[in-house]
Amino acid sequence: MKPVAGYLAGLLFGLGLALSGMTDPARVIGFLDVAGAWDPILIFVLGGAVVTTFIGYRLVWRRGTPLLAGRFQLPTRRDLDARLLGGAALFGIGWGLSGYCPGPAVASLAGLSWPLAAFLVALVLGWWLSRRLSPVH
Amino acid sequence: MDLSSAGFGLAGGVLIGLSATLLMGLLGRIAGISGILSSALFERGGDRGWRLAFLLGLVSGPALLLLLGLDWGNVAPRGGVAALGSAVIGAPLAGTPTMLLAGLLVGLGTGLGSGCTSGHGVCGLARLSPRSLAATLVFVLVAMLTVFVVRHLAGGGA
Chain F
1 MKPVAGYLAG LLFGLGLALS GMTDPARVIG FLDVAGAWDP ILIFVLGGAV
51 VTTFIGYRLV WRRGTPLLAG RFQLPTRRDL DARLLGGAAL FGIGWGLSGY
101 CPGPAVASLA GLSWPLAAFL VALVLGWWLS RRLSPVH
Chain A
138 MDLSSAGFGL AGGVLIGLSA TLLMGLLGRI AGISGILSSA LFERGGDRGW
188 RLAFLLGLVS GPALLLLLGL DWGNVAPRGG VAALGSAVIG APLAGTPTML
238 LAGLLVGLGT GLGSGCTSGH GVCGLARLSP RSLAATLVFV LVAMLTVFVV
288 RHLAGGGA
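Chains F and A supply the protein sequences, listed in that same order.
Each step along the first sequence adds one to the number in the working numbering, with nothing skipped, and position 68 is 68.
Each step along the second sequence adds one to the number in the working numbering, with nothing skipped, and position 57 is 194.
So here's chain F without its partners, still in its complex pose (with noise of 0.2 Å):
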């Protein structure tokens, strides 16, 4: 059963960046380029995706457990640190560069162009990169 419940949410998720608009790189570009012809679409894909997680999480938590799991996995740490503040600009600087976060880039998976394929391929070796650089992993 764990196997059909994470299809159906990747499925829902790809339906979503794509009913969005978030697999053009060009209209998430046009979001980030607010000194261009600003498109604000990002802000009604976040803010609707956030506010059903908002409710449906309060919702879901209710019943104290996951319904095919033990437990509700949550990460717990507060606190801000360097690793957090400093990946999260290298990847806005990947993510302006490109126009690409990674639900998008896997999700396009389908219109494979050699561009595509290249952050693919980098993105990957990144994330092995940055396994090796954490002490936790």
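The hints are simulated quantities; they were obtained by calculation from the structure and are not laboratory data.
Each hint can be trusted.
Label pairs and their in silico Cβ distance ranges:
#: 1; chain 1: F; residue 1: 74; chain 2: A; residue 2: 179; range: 18 to 24 Å
#: 2; chain 1: F; residue 1: 133; chain 2: A; residue 2: 205; range: 39 to 45 Å
#: 3; chain 1: A; residue 1: 289; chain 2: F; residue 2: 1; range: 48 to 54 Å
#: 4; chain 1: F; residue 1: 1; chain 2: A; residue 2: 291; range: 48 to 54 Å
Cross-link-like lysine to any residue pairs, in silico, SDA-like; alpha carbons within 25 Å at most:
#: 5; chain 1: F; residue 1: 2; chain 2: A; residue 2: 155
#: 6; chain 1: F; residue 1: 2; chain 2: A; residue 2: 201
#: 7; chain 1: F; residue 1: 2; chain 2: A; residue 2: 183
#: 8; chain 1: F; residue 1: 2; chain 2: A; residue 2: 184
#: 9; chain 1: F; residue 1: 2; chain 2: A; residue 2: 165
#: 10; chain 1: F; residue 1: 2; chain 2: F; residue 2: 58
#: 11; chain 1: F; residue 1: 2; chain 2: A; residue 2: 179
#: 12; chain 1: F; residue 1: 2; chain 2: A; residue 2: 182
#: 13; chain 1: F; residue 1: 2; chain 2: A; residue 2: 197
#: 14; chain 1: F; residue 1: 2; chain 2: A; residue 2: 189
#: 15; chain 1: F; residue 1: 2; chain 2: F; residue 2: 62
#: 16; chain 1: F; residue 1: 2; chain 2: A; residue 2: 196
#: 17; chain 1: F; residue 1: 2; chain 2: A; residue 2: 264
#: 18; chain 1: F; residue 1: 2; chain 2: A; residue 2: 176
#: 19; chain 1: F; residue 1: 2; chain 2: A; residue 2: 185
#: 20; chain 1: F; residue 1: 2; chain 2: A; residue 2: 180
#: 21; chain 1: F; residue 1: 2; chain 2: A; residue 2: 193
#: 22; chain 1: F; residue 1: 2; chain 2: A; residue 2: 186
#: 23; chain 1: F; residue 1: 2; chain 2: A; residue 2: 162
#: 24; chain 1: F; residue 1: 2; chain 2: A; residue 2: 181
#: 25; chain 1: F; residue 1: 2; chain 2: F; residue 2: 76
#: 26; chain 1: F; residue 1: 2; chain 2: A; residue 2: 177
#: 27; chain 1: F; residue 1: 2; chain 2: A; residue 2: 178
#: 28; chain 1: F; residue 1: 2; chain 2: A; residue 2: 200
With the Cβ distance kept under 10 Å, some of the chain A side facing chain F (calculated, not the full set):
#: 29; residue: 142
#: 30; residue: 169
#: 31; residue: 178
#: 32; residue: 202
#: 33; residue: 203
#: 34; residue: 232
#: 35; residue: 237
#: 36; residue: 241
#: 37; residue: 242
#: 38; residue: 243
#: 39; residue: 256
#: 40; residue: 258
Note that the Cβ used here is the ideal one computed from N, Cα and C, for glycine as well.
Starting from the structure of chain F, add chain A where the hints point.
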């Protein structure tokens, strides 16, 4: 941007929120794409199955729309403030060398920073996590600054 574009954005956002809710309600997990995918690739164990299935679902969503012949670039009216329609799967704007660098930075950054737009931006904000709020502010502002430098100062790239 016009009203229908905002509606599409909002509807897509709600689907993403439903996905995050489903994953939490059924498996008790955060729907963070960078975490799910990098763990599926680099960690062995019982969670690999649902993570790979999630990846398959993520890819099959937009692929399904293309198979059904739906392309928002044609369906959603173009025009409005930004004069941008959107395609179900848009072509990359940057060339291969820039995309290589960008992919490396996105992988390294989301790995070190423990999350991306979904894990921090959607799930983290919905959990009211101060770490996710700080990370989201940083990556959005740095991305905006990067686009400004590339497009308006250097005059090239994406």
